[in-house]
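Working from the sequences, and respecting the hints, build out all of it.
What follows is the residue order along each chain.
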Amino acid sequence: MIQLHGVSVDYPNGVRALGDLTVTINKGEFAFVVGATGSGKSTLLKLLYREVLPTSGTVIVDGENVPALKSSLVPHLRRKLGIVFQDFKLLPQKNVWENLAFVLKVTGAKPREIRRRISEVLELVGLAHRCDSFPSQMSGGEQQRAAIARALINHPTVLVADEPTGNLDPDTSWEIVQLLEQINVRGTTTVVATHDSQIVDRMRKRVIQLEGGRLVRDEDRGAYQHCEL
Amino acid sequence: MSATKIGARISTVSFRSVEFLIQEAVTGIRRNGLMAFASISTIALSLAVLGAFVLMAMSANNFAAAQIDKFEIAVYVPLENKTALDRIRREIAQIRGVESIILRDRDQEWARLKQQRPDIEPAGLPLNPLPFTFDVRLSDRSRTTAIATHVRTIAGVEKVTAGDEVLNRLMMLARVVKVVSYVGAAALLVTSLLIISNAIRLTLYARRREIRIMQLVGATNQFIRIPLVIEGVVFGAVGALVAWLLLQLGSSYLAYVSQRIMRLATQFSSGIKPSELALSLLALGVAIGALGSLVSIRRFLHDQ
Numbered sequence: 001m002i003q004l005h006g007v008s009v010d011y012p013n014g015v016r017a018l019g020d021l022t023v024t025i026n027k028g029e030f031a032f033v034v035g036a037t038g039s040g041k042s043t044l045l046k047l048l049y050r051e052v053l054p055t056s057g058t059v060i061v062d063g064e065n066v067p068a069l070k071s072s073l074v075p076h077l078r079r080k081l082g083i084v085f086q087d088f089k090l091l092p093q094k095n096v097w098e099n100l101a102f103v104l105k106v107t108g109a110k111p112r113e114i115r116r117r118i119s120e121v122l123e124l125v126g127l128a129h130r131c132d133s134f135p136s137q138m139s140g141g142e143q144q145r146a147a148i149a150r151a152l153i154n155h156p157t158v159l160v161a162d163e164p165t166g167n168l169d170p171d172t173s174w175e176i177v178q179l180l181e182q183i184n185v186r187g188t189t190t191v192v193a194t195h196d197s198q199i200v201d202r203m204r205k206r207v208i209q210l211e212g213g214r215l216v217r218d219e220d221r222g223a224y225q226h227c228e229l
Numbered sequence: 230m231s232a233t234k235i236g237a238r239i240s241t242v243s244f245r246s247v248e249f250l251i252q253e254a255v256t257g258i259r260r261n262g263l264m265a266f267a268s269i270s271t272i273a274l275s276l277a278v279l280g281a282f283v284l285m286a287m288s289a290n291n292f293a294a295a296q297i298d299k300f301e302i303a304v305y306v307p308l309e310n311k312t313a314l315d316r317i318r319r320e321i322a323q324i325r326g327v328e329s330i331i332l333r334d335r336d337q338e339w340a341r342l343k344q345q346r347p348d349i350e351p352a353g354l355p356l357n358p359l360p361f362t363f364d365v366r367l368s369d370r371s372r373t374t375a376i377a378t379h380v381r382t383i384a385g386v387e388k389v390t391a392g393d394e395v396l397n398r399l400m401m402l403a404r405v406v407k408v409v410s411y412v413g414a415a416a417l418l419v420t421s422l423l424i425i426s427n428a429i430r431l432t433l434y435a436r437r438r439e440i441r442i443m444q445l446v447g448a449t450n451q452f453i454r455i456p457l458v459i460e461g462v463v464f465g466a467v468g469a470l471v472a473w474l475l476l477q478l479g480s481s482y483l484a485y486v487s488q489r490i491m492r493l494a495t496q497f498s499s500g501i502k503p504s505e506l507a508l509s510l511l512a513l514g515v516a517i518g519a520l521g522s523l524v525s526i527r528r529f530l531h532d533q
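These protein sequence lines are chains A and B, in that order. Residue numbering for the first sequence follows our numbering, beginning at 1 and increasing consecutively. Residue numbering for the second sequence follows our numbering, beginning at 230 and increasing consecutively.
Calculated from the structure, these hints are not laboratory results. One or more hints might be untrue.
[Unchecked claim] Selected chain A positions facing chain B (in silico; Cβ < 8 Å):
| # | residue |
| --- | --- |
| 1 | Pro75 |
| 2 | Arg78 |
| 3 | Arg79 |
| 4 | Ile83 |
| 5 | Lys89 |
| 6 | Leu91 |
| 7 | Pro92 |
| 8 | Gln93 |
| 9 | Val103 |
| 10 | Lys105 |
| 11 | Val106 |
| 12 | Gly108 |
| 13 | Arg150 |
Glycine included, each C-beta is placed from N, C-alpha and C at the ideal position.
Below is the structure:
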C-alpha cells in the first residue's frame, strides 16, 4: 500500500530531513512512526500526501507514484487519503457539518450522498450531537474527532495522522487512538506519527523509529523505547 | 484491492458545483464580516476620491471649453458701407475655420444702450449711430489671429476685434487643466488600484490558513479560487455603489451651493449622467475586485 524506496529529502536550507529511507507498509497495517522532534517523522508523512517532494527515491501510495503526479492531480491524491493533523486544521468559519460537507462538495457529490456520508462518519466518531458547532466552540478532543470524521468521509484507503494526540490530554489521547484503531480494523491502512510513549507502549503495534532522518528500528508489536533484553 | 488510478476521474465544474461555488462565496462574506467591511470601505473610499477628481476635472475642462466657445470675432462695418454688407458676409464665410456669421440687430443694441445710458439721446444723437456688426463664430479657435488678420483686409471692414490675447491665454490654461486632469486621474487610478489590491491581499492573507486547509483536504485550486473571486467582485460592486452614493450626495450639495452663491451651476458641470457614472464606477469596481482577488490568490495557492 505504501512503499518508500531509497527516499532522501533535503530542505532548501540544507537540512537533510530524511536519508535513504526504505519502508514498506502493507494494506490494512497499523504503524506508528516514532522519534524525537526533528527526526523526520513529519517529513515522512508529508511525502505521502505530497506536501513534500523527495530529493531522490520513490514514493508509492495506493499504486500512485506520488512525486511524479502532475500538480493538478494532487487534490485527487489527497481525496484518496485521510489526513489528520496535530492542530486539527478544521475550517474555522464553518461548523462541523459544513467542514465535512466541504470535502464532499469539492468532489461533486450529490446532496443526498453528502447527508448520508456525514451522518455515517459522525456516528462513527461519536459526534452526531455536535454537527452545528463551530471549531472554536469545541474541546480539543471533539475537534480531533471532527477532523478524523473528515479524514474518513471519502472512504480513504490510507489514513495518515501526524501527531494526532499532540494537543490532547492523556485520556482524550487514548480515546482518539482507539478510534484510529477501530478505523484500522475496518481495513484502512493507518500510519500515525507520534512521540506519545504511553500510547505506543499500550497499543503494541508496528513501530518505525527514525533518528536524524534515518531508520533505526522497525519492529512489529514494538514499544516506544527499544529494550535490549 | 485494485488501486483506482487518479487521472481517470478529474471532476469538471458542473451545475451543482456552480451552486456550491456561489454558496461558498456567500458564506465567506457573511462569516468574514469585518474583513468584508474593510475591503468594501477601502474600495468605496478609493473609488469616491477617484470619481470626485475625475468629475471635477471634467467640470473644469467643460468650463474652460465653454469660455473658449464664447469667443467670437466682431467685425464692424461702417454705416456708409451698407451696400457692401452682403459681399463682406460672403467673403468672411469663405474663410476656412469660420463656423457661422450673425449680423447683430442694430436697433436692439441701440435701445439697450439708451437704456443703460439715458444721457445719450439728449446729447444730440437721436439716430442710431452704431455700425453694422458681424459676430463671427469660429470652428477652429486656434486660427483666431490668422482669421482676424484676413478679415481686416476685406474692403469695407472698419475694425475687427478678436480678443486673441485673452483667448490664447485661456486656451493655454485649458490645455494645462486638461494635462493636469489626465495625469492626476491616471495617478489616482494607479493609487486606488494599489490600495484596493492591498486590501484584498490582506483579507486573503487573513484567510491563508483556510486556503491551506482546503488544499490539504483535496480541493482543487479552481474550487478555492472561484468563491474568492466572486467575493472580490461583490466587494468591488458594493464599494462602487457606495462610492456612487457618496459622489451623488457630494455633487448635489455642490450644485446647490454654487447655484445659490455663485450662479455657476450651469457652466460648472461635468456633463455626465448619474446612470453613466454609476455604470462606470460599477465596471471599474467589479474589474478591480475580480483582478485584485485573482492576482492575490495566485500567491497563496502557489506556495505549497
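Structure-based check of each hint:
1. Pro75: OK, holds: Pro75 of chain A within 8 Å of chain B, min 5 Å.
2. Arg78: holds (4 Å)
3. Arg79: holds (4 Å)
4. Ile83: holds (6 Å)
5. Lys89: Interface hint status for Lys89 of chain A: holds (5 Å vs cutoff 8 Å).
6. Leu91: This hint holds: Leu91 of chain A lies near chain B, its Cβ roughly 6 Å from the closest one there, short of 8 Å.
7. Pro92: Check passed: Cβ of Pro92 of chain A comes within 7 Å of chain B, closer than 8 Å.
8. Gln93: holds (4 Å)
9. Val103: holds (5 Å)
10. Lys105: holds (5 Å)
11. Val106: holds (4 Å)
12. Gly108: Holds - the Cβ of Gly108 of chain A comes within 8 Å of chain B, reaching about 5 Å at its closest.
13. Arg150: holds (7 Å)
Of the numbered hints listed earlier, not one is contradicted by the structure.
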